[in-house]
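Student: Residue-level listing of the chains:
2 protein chains.
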Amino acid sequence: MDTTQNSSQLPSTDTSTTRHAVAVDVVLFVIDQGTLKVLLIRRNQAPYAGEWAIPGGMVKPQESLDTAALRVLQEETHIGHIYLEQLYSFGEPNRDPRDRVISVAYYALVSLEQPELRAQNQNGAVWSSVNTLPNLAFDHNRIVHYALERLRNKINYTTLGFQLLPKVFTLTELQGSYEIILGRPLDKRNFRRKMLQLGILKSTRQFKTSGRQRPARLYTFAQPTVIRLQEKGIIVPFAAS
Amino acid sequence: MDTTQNSSQLPSTDTSTTRHAVAVDVVLFVIDQGTLKVLLIRRNQAPYAGEWAIPGGMVKPQESLDTAALRVLQEETHIGHIYLEQLYSFGEPNRDPRDRVISVAYYALVSLEQPELRAQNQNGAVWSSVNTLPNLAFDHNRIVHYALERLRNKINYTTLGFQLLPKVFTLTELQGSYEIILGRPLDKRNFRRKMLQLGILKSTRQFKTSGRQRPARLYTFAQPTVIRLQEKGIIVPFAAS
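These protein sequence lines are chains A and B, in that order. The first sequence lines up with residues 0 to 240 when you count with numbering that gives the first Met the number 0. The second sequence lines up with residues 0 to 240 when you count with numbering that gives the first Met the number 0.
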């Protein structure tokens, strides 16, 4: 069957090949005031002028997808260190009312501790809680929900969640972050036991005092990069375990 | 800062927007003769004429990415039921020597039991063991390795691996499939205990006899679709558990 072989080839990308506009769109997460939030910008041109959207931009001719996503992020945040990961490509033919645009979505995590990020907050971009998202332009609500699902899944077996945290923190604050991301309470004893077992926390000689409570030890991360925990066990206890 | 707002907008996709050729490429896995294999086709035109590649094709104007991937697969396999999932988008500017082509990669799993698939085997496409892959065209080796990593990861917490299995099987065969995918032996007692705990297997009244061994009970899946197992525990025991 010749058709099988022919159909499986990439045709030459000459004038007969359809070309598509390709965008990158980025979901940037922070934890702020006990809530998981994403960065939204207000669109200033059609379509969806005046409406909220996640930051995005078109991929340039000589730019890799990662480079394009980093560029979009840096235009919004001006910060150097940011965790960025490709999420999913959204390619429904009618997702953009102007014309077909394929979106390669990314998500990024950053600690709100970074001062450049706080400054940015005053330049038209806002942080919106994932629980009270407005109607976003295009399929951006769907993209944010997809990113949230990925984040919740991945903090089970990687140190990804730590990217959202400040440099030093108490175990109570650490558990709080996990609960904020997951949207549900975790068992305190189990959480502390698993977390200390992993060997990824380093205790400091500093303590945090608040009110009349016993001072709580401050910890930092032994591993600044995101690592997989599969060989060491998982952070968030499963219901069955 | 006006620049922030402007740069965060999707520009109108008029003639000034760069357009890109977008392909879908699909890694199709089967288990055959005790080995995990992927489908390869031989390219019959430049670039990489005569060399091996995974099946692929350009995305058409009114086609979603999923539809394009399904079309490519059906041209190769002619089978109705197949598990298909988007993997990752590869967009390095020079990954195709002709011109820039962004590839949205997919991976798919199918049981070799399906007769349409066996027939297809004779039409120029071949099954190659993931352990002895030839040099593939473009960045297709990288795509296959990425798919393999996703598959190995995902069988830990979903029923994805079952898509590779025949309708009925013994527990020994089931464990064998997991070992083939993971490329390492698993503890028999642990594996059986976890697998039966999950409640996703249905024992049949059939038995399989081979040689002088005790007949082994045949099982089937209670859940034909791929489900997440996070709430019920995980299949493959971690080293720490």
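Calculated from the structure, these hints are not laboratory results. Heads up, some of the hints might be wrong.
If chains are identical, the list can't say which one is meant, so a pair holds when it fits in one copy or spans any two.
Cross-link-like lysine-lysine pairs, in silico, DSBU-like; alpha carbons within 35 Å at most [claimed, not checked]: (1) 193 <-> 207; (2) 59 <-> 187; (3) 166 <-> 193; (4) 207 <-> 59; (5) 201 <-> 59; (6) 59 <-> 193; (7) 153 <-> 59; (8) 166 <-> 153; (9) 166 <-> 207; (10) 207 <-> 187; (11) 201 <-> 153.
The structure displayed is predicted, hence computed values, not measured ones.
Student: Hint by hint, note whether the structure agrees.
Tutor: Hints, one by one, checked against the model:
1. 193 <-> 207: Classified as within; 22 Å inside a copy, 43 Å across copies.
2. 59 <-> 187: This pair counts as neither: shortest intra-copy Cα distance 48 Å, inter-copy 52 Å.
3. 166 <-> 193: within (20 Å within a copy, 39 Å between copies)
4. 207 <-> 59: neither (48 Å within a copy, 59 Å between copies)
5. 201 <-> 59: neither (42 Å within a copy, 53 Å between copies)
6. 59 <-> 193: Neither: 45 Å inside a copy, 49 Å across copies.
7. 153 <-> 59: both (30 Å within a copy, 33 Å between copies)
8. 166 <-> 153: both (21 Å within a copy, 31 Å between copies)
9. 166 <-> 207: So residue 166 and residue 207 pass the 35 Å test inside one copy only (13 Å; across, 59 Å).
10. 207 <-> 187: within (19 Å within a copy, 48 Å between copies)
11. 201 <-> 153: For residue 201 and residue 153, both the intra-copy (22 Å) and inter-copy (30 Å) Cα distances are at most 35 Å.
Hints 2, 4, 5, 6 from the list above are not met by this structure, while the remaining hints are.
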